[in-house]
Amino acid sequence: MIRLLGRATSGNVQKVLFLLEEMGLPYKREDYGRQFNNTGGDYLKLNPTGKVPTLIDGDTAIWESNTILRYLAAKNGSPLYPSDPARRTEVERWMDWLLASLNTPYVAVFKEAKKTPAERAASFSADAKELASRLQLLDAHLARQPYLAGQEMSIADIALGPIVARCLDFPIDRPDLPNLKAWRERIAARPAFQKATAA
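The sequence shown begins at 1 in this note's numbering and counts up one residue at a time.
It should be emphasised that the hints constitute simulated quantities derived from the structure, not laboratory data. C-beta atoms are modelled at their ideal positions from N, C-alpha and C, and glycine is treated no differently. Where hints are given, some of them may not hold.
To be verified - Per label pair, the in silico range of CB-to-CB distance:
#	residue 1	residue 2	range
1	T49	A121	22 to 28 Å
2	G150	A118	41 to 47 Å
3	R144	K45	42 to 48 Å
4	M1	G77	15 to 21 Å
5	Q151	S123	35 to 41 Å
When you get a sec, could you build the whole thing from the sequences and use the hints?
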């Protein structure tokens, strides 16, 4: 059985849970993370970054959440990850965009949003504006189609789903984003998403 090592509250773990549930694959999630004091030692042999998640499938250990999504979908021939190279680029570009463009302002705002305004870093306002601009880009893209890579859901939506859901709940100023909110509602209505993000 697949083992998923990572705390249930991690957005990167949640995206893997989302895919596992969506595909109906049997798995066991185990609590790993800094707060459990178990991501050093032997864990580093599986994942040298000491971060979560790590997925173990037989003798194969995979780390980096988007790589895990690609692995699971490709291994199981899922339509969530098209086999056609051109179609696949439409999926992968958004997964890469998440890491290259959205993740930095997301993490910055995530760390500070729980604090009182007086306790927040001086960069919070600028980070929030940058995050809002990234969300506007997504909203404009989703005005043309219901899912990130076209008419059907893909692992791009699974990768961004838990992260963008959090972004839309941050206490920051942002435009209305009707298309992005409608996309989140479509994603959030899926039982697999609900189970993955229940923590």
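The hints, checked one at a time:
| no. | hint | in the structure |
| --- | --- | --- |
| 1 | T49 - A121: 22 to 28 Å | holds (24 Å) |
| 2 | G150 - A118: 41 to 47 Å | holds (45 Å) |
| 3 | R144 - K45: 42 to 48 Å | holds (45 Å) |
| 4 | M1 - G77: 15 to 21 Å | holds (19 Å) |
| 5 | Q151 - S123: 35 to 41 Å | holds (39 Å) |
The earlier numbered hints are all upheld by this structure, with none contradicted.
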